[in-house]
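Use these hints to put chains B, C, D, E and F with the ligands onto chain A, whose structure you have.
Protein chains in written order, with the working numbering: chain A, 154 to 579; chain B, 154 to 579; chain C, 154 to 579; chain D, 19 to 130; chain E, 19 to 130; chain F, 19 to 130.
Treat the hints as calculated values from the structure; they're not laboratory data. What you were told as hints is all true, and nothing was included just to trick you.
Chain B side only, calculated, beta carbon under 7 angstroms to chain F, not exhaustive:
no.	residue
1	ALA360
2	PRO362
3	TYR425
4	SER431
Partial chain D-side listing against chain B, Cβ under 8 angstroms, derived:
no.	residue
5	SER29
6	ASP32
7	GLY60
8	HIS61
9	VAL62
10	TYR63
Pairs of lysine to aspartate or glutamate, EDC-like flavour, derived with a Cα cap of 20 angstroms:
no.	chain 1	residue 1	chain 2	residue 2
11	C	LYS357	E	GLU33
12	A	LYS352	A	GLU559
13	E	LYS89	F	GLU115
Cβ coordinates follow ideal geometry from the N, Cα and C atoms, glycine included.
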Amino acid sequence: MIVQEQEAIDKAVEAITGDMGALWITLAAILVFFMQAGFTLVEVGFTRSKNSGNIIMKNVMDLAVGSVMFWAVGYAIMYGSDLVGGGFFRSSPSDQGYFFFSADDWYNLFFQTVFCATAATIVSGAIAGRTKFSTYLIFSAILTTLIYPISGSWYWPFDDDAWLNTAGFIDFAGSSVVHAVGGAAALVAAILVGPRIGKYVDGKAQAIPGHNMAFGALGVFILWLGWFGFNGGSQLAWGGDDTIGATSVIINTNLAAAIGAIGALFFTWARYGKADISMTLNGALAGLVGITAGCGSVSAWGALAIGLICGILVVISIEFIDKKLKIDDPVGAISVHGTCGFVGTVLIGLFALDGGLLYGGGAKLLWVQTYGSLAYIVWAALASFVVLFILKKTIGLRVSEKEEVEGLDIHEHGIEAYPEHISQDK
Amino acid sequence: MIVQEQEAIDKAVEAITGDMGALWITLAAILVFFMQAGFTLVEVGFTRSKNSGNIIMKNVMDLAVGSVMFWAVGYAIMYGSDLVGGGFFRSSPSDQGYFFFSADDWYNLFFQTVFCATAATIVSGAIAGRTKFSTYLIFSAILTTLIYPISGSWYWPFDDDAWLNTAGFIDFAGSSVVHAVGGAAALVAAILVGPRIGKYVDGKAQAIPGHNMAFGALGVFILWLGWFGFNGGSQLAWGGDDTIGATSVIINTNLAAAIGAIGALFFTWARYGKADISMTLNGALAGLVGITAGCGSVSAWGALAIGLICGILVVISIEFIDKKLKIDDPVGAISVHGTCGFVGTVLIGLFALDGGLLYGGGAKLLWVQTYGSLAYIVWAALASFVVLFILKKTIGLRVSEKEEVEGLDIHEHGIEAYPEHISQDK
Amino acid sequence: MIVQEQEAIDKAVEAITGDMGALWITLAAILVFFMQAGFTLVEVGFTRSKNSGNIIMKNVMDLAVGSVMFWAVGYAIMYGSDLVGGGFFRSSPSDQGYFFFSADDWYNLFFQTVFCATAATIVSGAIAGRTKFSTYLIFSAILTTLIYPISGSWYWPFDDDAWLNTAGFIDFAGSSVVHAVGGAAALVAAILVGPRIGKYVDGKAQAIPGHNMAFGALGVFILWLGWFGFNGGSQLAWGGDDTIGATSVIINTNLAAAIGAIGALFFTWARYGKADISMTLNGALAGLVGITAGCGSVSAWGALAIGLICGILVVISIEFIDKKLKIDDPVGAISVHGTCGFVGTVLIGLFALDGGLLYGGGAKLLWVQTYGSLAYIVWAALASFVVLFILKKTIGLRVSEKEEVEGLDIHEHGIEAYPEHISQDK
Amino acid sequence: MKKVEAIIRKSKFDEVKKALHQIEVNFFSYWDVTGVGNEKQGHVYRGISYSTSDIQRRYLVIVVSDDFLEKTVNVLLETASTGNVGDGKIFVSDVIEAYRIRTKESGSAGIN
Amino acid sequence: MKKVEAIIRKSKFDEVKKALHQIEVNFFSYWDVTGVGNEKQGHVYRGISYSTSDIQRRYLVIVVSDDFLEKTVNVLLETASTGNVGDGKIFVSDVIEAYRIRTKESGSAGIN
Amino acid sequence: MKKVEAIIRKSKFDEVKKALHQIEVNFFSYWDVTGVGNEKQGHVYRGISYSTSDIQRRYLVIVVSDDFLEKTVNVLLETASTGNVGDGKIFVSDVIEAYRIRTKESGSAGIN
Ligand SMILES: Nc1ncnc2c1ncn2[C@@H]1O[C@H](COP(=O)(O)OP(=O)(O)O)[C@@H](O)[C@H]1O
Ligand SMILES: Nc1ncnc2c1ncn2[C@@H]1O[C@H](COP(=O)(O)OP(=O)(O)O)[C@@H](O)[C@H]1O
Ligand SMILES: Nc1ncnc2c1ncn2[C@@H]1O[C@H](COP(=O)(O)OP(=O)(O)O)[C@@H](O)[C@H]1O
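Next comes chain A alone, as it looks inside the complex (with noise of 0.2 angstroms):
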């Protein structure tokens, strides 16, 4: 056969090969954008009534902001070039310059915003029932603005000036990249807004029980669902090896969130003699965070191991958090995205079948693993200290006890969330 036929078929694969990755991306894209109803599902599910059109309002308002701040300014700065502080910032704007603006990379645009959105999401489970609508909506532009992109940039534009890229750093989906930094961010804020009005009594934390648990699962399942966009979307691709890379990936992602639920369902049995239905739906999303790091460099019995750690740590995390920090969590968005993001991150230092210490790799994965992590944790912290704190000399981060306690729904928004609703809350 003659070279130049062989060239004009494989330049036709090419294409299609493109076309089918775009589409992947898009429908990934897609089932992310979804992940925007199972978080609010699962805030709403997990706090009590009286604020559910308050944290309802949030979602749909980070969401919506995040979508045109990336759009406008977030998306450059991610993939921008010119780099400050040793590449830590990017001063100047990606080939699309800010507005993008592309011919052929609409569907790469759509995967990112996605992304954005659920990075800022995360914390407003954190901080729910005791925080100012503006506040949080502000916060939430810089978040989509400026510290997720500035976060993106050191690793997924995959090049040369990324430096954790360049470290060998492996974060395929982002557990650092994404829930970590959203896991730091909603640490700071719950520490900076302080507790719920009744959450610590003499000291003693208070149980205040999510006024509806149905809605909280199917929160999960649709986060869940999700998942399969987010992780198996990362592969950027479709076709062959991808086809490989990506199915495998969702495999890894569904076992690590079976086995979170698994490891969550008993271990509280085990420990409070009652099979804890909200733990376990976060026994899974923890496995599901754990896993994203590393779900495209592990085997199936390391995203086992991986997702099986998670769902046992994010109890303990919970458990932590709230009884020895005494830090308020009402959703665990400390402990599900912070805490299962870095040691998932951390995890493939061990189970990476390419350079992980089990296999044999030696410990530098583990070392890289360890500091990229904690670099994006400290970066996440640092900066929305600095933007919350200012809001809180400002404007202020919490409404007024009044407000608080009469609920954030008739105050903020002038309408319950269910007018009908008799309830019992204690």
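Then chains B, C, D, E and F with the ligands, alone, in the frame of chain A:
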């Protein structure tokens, strides 16, 4: 290279691209299908709990009846030929004939079916809480069998017989063909059915709060999700330029929804002193409806402009219809789908990159868009009026006062939607 | 053109078509995955609020346990070889061996896993409200590890060892293999567990209304949605004839669901004087279960016939099982999945375009379909009986009377699903 | 002071409330209860038709001074009635003392 | 006329209702309340084990004529009891007057 | 024995409950009601601003022996008050007899 070879390659590429397009359209249709759940949740959430079961039944049944009738008759009418009345009616069925059967066009039937169901379901929200179930079923059957297919036939066969296509009218995914048609039918229906008991006291509009904002919000997320299929799928192909087209449509769709929510949020916040939950949710939908016509012909800036205009306009329109016109539309269907469908269609005349007034294209497109959209509204309103007027004079439109006050669920369906529910509705 | 060239093109086309098929199957599997949320919502909605948390846990856990066990053991059994008992059991594992690992077949594992989880979850609804959580977990693990994989191995490996495949049995997506198996297991479980307290008073069946029809309806919409993946994905390929096949399957699926809902609606309306909400929702599911076997072998007319028969039959079956057999099945799982799974499989014998009695194919297919489906039912019933009987004699099937009356949530899981909820359940 | 407890149809509540305001009974509390009585309501659920006498009602508690008692009862009897079985009941009983929490006033100053 | 208020376990309601019907007490109203008392119920939520004395109970109001009082109370005492802490209470108080809204009858005709 | 009925702000409940426990009033029942009174609450819904006097309140029923009456009322007056319109009311009435279902004891043994 010999021409023959290139031809063989081209043929293979074409076949595969066709299959890839079919895959995208099928998946888009599945997303649009899911919008039925979104509509149901929005309508259930924005109305009182005593009628929730009835709303569920209406939404399930318009999908069910629409699926059968559009397959049996609607498709044939929509894609038929042999015109009557200067192109307004097609008198002979499409090539498929009635009772669609085709070897290779099933995905197109599926895509068109779910669009048809969408048009039907819009009406249900506007007349919630007082309409006879049997009457609704008949009306919905006629809408999916005749009214909507005739609307579609004016433009979407994209042939020379489709008079609005010939006229240069642009309605990419149906701001007018689907939404304004549904909205106009909803307007007529709401007028003829009359307001719910207690909606107007001494001529003043009363608030009748919906019972579950979480359902409303979940519904809006699902609709937003489905709209990626609604608009993106209307590219009707995938691959090469179509990939770029469909993904830019998705970005435009997302931006318009986002800015619509933002617009409604700040507008209501300024206007009422509270960030209105259900209005913000309507704002996102307004942006989506508005961009549906133009998502393939405007830039991201145009999408933002259209979304913002619609997000603010929907608030004004809802107030106007509710307080001034005194038409009771519990979920805002007339404003969201009717007003924004019309305005979104017309705004293409300003913002179309090719032919828009603001891009130096003159007023011609603006004029075509205006009369095209008005034609849809007039047609849908007239046809609906005739059908509903006959129904009113025969079996009646409205349930008895007793049934309405005690709830449609118990009287029409024998059981409450939430039998354990203790309410405080006033 | 030289043959070589055509061969190169064909090879490229085949590879891409394979990838496109994998994409479709993966996305279909994701849709099927989502059915878990649908089942959960239907079960939660159709039962009392005091057990909602328990139902959630059962559904999350059968997915979690099923995902792990099917990966570890189930897949190996289902696709194994080396037959025992005249083809009824496969004694050696599939090529993949236990603990599935394959370079290129991950999407198949994923697709099969979510099918397996579906079979498991069917049982949970039928025994809701009185079953021990630990017992359910064990039973569910055995079902996903052994009972269902053996069912699958009779037909779906599509090899000569699969005795029902050899026999010419047709069950495209599993009316029998999945649904009748689940339904038969549900029947046996419901009998052995016994009815809920208060279900039969002086031998008369009492209504125990489910607490949330909106959840039920959302669940049905999600199931309907997922079924497009369930049936459409069972084409197991995309491209060319497979595109036509898969999309015609989707149309058949949608028509059967639609007419099933319509049938149940009018049948209950005529029978009880009210348009029964939960029965209409069951009617849609009945149509879906019924068409699952034949969606690839019947015309749209056949789909309508099967859907209509199942939609009406499910109402009769539910009444019969409830009132005559006095078996308490809160959500109608036995009738929807068992009865309609069986009948749908058998009706292929009438309606198959190729071989159906009505199309001149004689009675042979009818006979194969009947004994094939019965074999599944007998197998699932027997196996479930053995397992459940042992469990009954050892750890017991049922919670104590006190736990049942006060609700499984508070006793098994330590918290109500809706802690703020004030009920009026009787 | 007297306590008037009225169990009425939910559908009559708006009218009753308006009428109470007209005679300047502007203070009361209410909630929804299930009532068992003569009225039956037909239901169907999953093929089981049944009729139940457990029907949702609204329960009003109105504490009035003695001179308001008669007109309060009369207004309730007038406006809550439809003439059909199931209109509900009114019970009157004695109240020894009433306090307004805000001002700590008691006696008739305590009730409105 | 007397008002009998009973606060019982929700799980005992069906039995109580049946027994009341047997002694022809066919008229009453009920709703769910939270009771604070001796009984404690263990809970776990997100790692916090706690026991609460706020337990859901059903509240019954039964207005009876004086000659029905004794048997009503006795039936309640019999059927609502499990012997465990938390069975609930019965309170009896006076009712001055009762009206049936539908017929405007008062007195004992007003209550059933 | 006296029945103390208190209609208070939901937001004050925790404090009230704690204070009641301190004076060893460990037995009562409560539920949520809608109160109509002087206080108005502003709402906006879909462009309609309205203010309603139908506000959620918590209804407490506490049956106490006569010697507990005063301190119970005092504690309620103290802890339930914010000084703003809408703090609620307390009504005291007579109870003829009380029974503990579990033990069938009556009299003051019946109430706590
Ligand atoms: N003796 C009673 N004690 C408490 N509530 C009662 C009593 N009698 C009637 N009710 C309440 O009044 C409602 C209406 O009574 P019902 O007998 O149905 O109609 P009618 O009063 O018209 O004969 C009942 O549902 C119940 O809530
Ligand atoms: N003095 C009281 N006033 C009002 N309600 C009471 C009173 N005492 C008890 N109750 C109600 O009775 C319920 C059962 O009382 P509890 O002390 O737990 O059990 P027991 O009566 O068996 O000692 C409580 O939950 C509460 O609802
Ligand atoms: N006469 C009454 N009968 C029954 N409930 C009352 C009465 N007066 C007041 N209430 C209850 O007390 C609540 C507070 O009363 P309100 O008039 O708003 O405030 P304040 O007592 O401070 O003047 C009301 O919402 C209502 O629930």
